[in-house]
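Number of protein chains: 2
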Amino acid sequence: MDLDLTVTTADLAAAASALVRLVPGKLIDPVLSGVLLTADGDGVTLAATDRERAGRVERAAVVHTEGRVLVPAKPLADTLRALELEQVRMVVEGSKLAIRAPGARFALPLLDVDAHPGVAPPPPAVGTVDGAAFATALTTVASAASRDDALPMFTGVRIRAEGDRLVLVATDRYQMAVARLPWQPTGLPVDALVPAALLAEIAKQVDPTGPVALHADRDRFALVWRRGGGTSHAATSVLDGSFLHESKVALSDVDTRVEVDADAMAGAVRRVGLYTDARGVLLLEVGDGEIRLRGADQRAGEAEESVKADVSGGRTPQAYQSRFLTDALRPFLGGRVRLEIQPGMRATTFRAAEPGETDLRYVVMPMLPPKH
Amino acid sequence: MDLDLTVTTADLAAAASALVRLVPGKLIDPVLSGVLLTADGDGVTLAATDRERAGRVERAAVVHTEGRVLVPAKPLADTLRALELEQVRMVVEGSKLAIRAPGARFALPLLDVDAHPGVAPPPPAVGTVDGAAFATALTTVASAASRDDALPMFTGVRIRAEGDRLVLVATDRYQMAVARLPWQPTGLPVDALVPAALLAEIAKQVDPTGPVALHADRDRFALVWRRGGGTSHAATSVLDGSFLHESKVALSDVDTRVEVDADAMAGAVRRVGLYTDARGVLLLEVGDGEIRLRGADQRAGEAEESVKADVSGGRTPQAYQSRFLTDALRPFLGGRVRLEIQPGMRATTFRAAEPGETDLRYVVMPMLPPKH
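Here the protein sequences come in this chain order: Z and B. Quick note: the first sequence uses numbering that gives the first Met the number 0, first residue 0, plus one each step. Quick note: the second sequence uses numbering that gives the first Met the number 0, first residue 0, plus one each step.
For reference, chain Z alone in the conformation it holds in the complex:
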């Protein structure tokens, strides 16, 4: 095994950290906790897989000797990030990959590259989407997924093509987020349930000024984007997501419509939310030209706050967990939000009063009202 290259430290440090976040790795298996480092004429490629997920990041480098090694991923990323110098030299010395800096030498053990399963190229391309719109939609929709690994079906985001629209949907059973945004299909129709945590990380890494390509086959889903002068990709095996369908949320009974400044309502939720019982439930009352939030807790006391609103239809009061209201309002901060309220234990929908190209809806299930 051989390899010798010089690279901009900050650039490779960012790439190595990005890869570690895309593929956190399984500490149990030392081979799968490694990163494949490949130096060739075009630069350096970092790749890793934990069998379920795979990631690959390219960066420019001055390659003195081409080669390919497998080294522990986290020590590589941590060392590059801790270095305080412009350029760094990495060279194979015996059974180590040496990272050389003036007065310092860091030597990572070479792992058995032949024992590594390799990082497959992504499945075929199926279309492209605008980076900024996709990142915003991913961040919002992924936040509605469950973080409870005991319910794997609810930890994913379903990504599905519907003609020239891409539909993203996630729910943890108490709240649901749905985004529809334009895309350019170029291959087979896509329909995949993708881990929300991975998508939330990818949303941070994609270049918002460029496109993101979607790749998919029956078993795998991948996203490909350009960043830092090279191509990055993240791939994952997919679950069956057909159980998860946004049309299952019936909105036939909407009898109260409210339009309100999202920031004003979020501020009131934050304050009145300090006065809630152990369930964190507060009451939303609909009045003339205003909504009123009420909370009460035996220890803290009681609170009420009114927010100016345009109200039409009935005066159905509802109760919600305050943290779900906070989540539901977040995507609409900076503008006005429209609430569609149904009576009884039926869902309330939040959407922008003036939607852009991305149609985003946040659905919250009500709770039994607090006892006074």
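Keep in mind that the hints were calculated from the coordinates and are not lab data. Treat the hints with caution; some may be incorrect.
Same chains, same names: a pair is fine if it fits in one copy or spans any two.
What the hints assert, rightly or not - Taking lysine-lysine pairs in the BS3-like style, the calculated list, with each CA pair at most 30 Å apart, reads:
no., residue 1, residue 2
1, Lys73, Lys203
2, Lys203, Lys95
3, Lys203, Lys307
4, Lys73, Lys307
5, Lys73, Lys95
The model shown is predicted, which means the values in this text are computed figures rather than measured ones.
For this one, chain Z is given, so just place chain B on it according to the hints.
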């Protein structure tokens, strides 16, 4: 019970939060989780105690009706912090203290003020010290104390007068910090073991441009300072700290002296510290005109880094936990630090190459060297 006042929201929010941090309160006892709010001609006073600790903060206010009530401390602090308005009105309404804002009302239950033990005035003054120097010394020395409540003796800072010097000392048995700084004694000599966590919080709250007064008697220790136009004080019961004496660290065997740039050494410790075994131990070798840090770990690999240094005396190598080196170097960042190394399992001392008025020493115990 009565009380009616108007106050600058941000100002009272800061005061209530400061008090909650000085006296975190015991949730078990609702009375002791309350804050005594006293409005009189001069303004408003917030006071709390958990029997061991006590705190008191004054602020200016427009008092409409003088009075004194007891309300839950944390909801008061959280509500004031969440309000987005300049001025706030607080008024007793029936069995509640109402916090009134346009369109909103927050009502805290009134607790039984007669069941509260009250907050005693601080013990007699014993001297004053410069706020900035004292805060820096407290922060550094408190960080050397143990956070393990199972060893209460090691969770304190001993504060002791030695003529015109105030001596602060703390240790968790593996590291020790000692600061000597000028003070103006005005009463009995002080010698108290004070909880380090409280002192670290006070160090954040004192005004660095003003003096801090020390108050003490046999059972209690208090600090008094001015902030935000009012006087604050924090008091605590004390432990016997006579077991804790900085002269117990023998420095008779120093045979190696090293002077080095603190930032350069801290950077090397941070990087080489990534390559340490489960104990986190790295080796310090003393060479000609340099020191060399070495670390090795079976998984991560091995590292060495040299830092230019002025060396005199022997060439005793030593091993340390990297996190203790990081702590020991922190107070000296931005300047040069002097290491005095003893052979064997005897302490190494860190002090500034050019000390200011405060003489600060950090003592670190070595570890058995890592096996290679």
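Each hint, compared with the structure:
Taking identical chains as interchangeable, the C-alpha atoms of Lys73 and Lys203 lie at most 30 Å apart only when both belong to the same chain, with a minimum of 20 Å there against 35 Å between chains. For the identical chains of this complex, Lys203 and Lys95 are neighbours neither inside a copy (33 Å) nor across copies (47 Å), given an alpha-carbon limit of 30 Å. In this homomeric assembly, Lys203 and Lys307 never come within 30 Å of each other (Cα to Cα): the closest approach is 35 Å inside a single copy and 40 Å across copies. For the identical chains of this complex, Lys73 and Lys307 are inter-copy neighbours only, at 29 Å across copies versus 51 Å inside a copy, given an alpha-carbon limit of 30 Å.
Only within a single protomer do Lys73 and Lys95 lie at most 30 Å apart by alpha-carbon distance; the minimum there is 16 Å, versus 55 Å between protomers.
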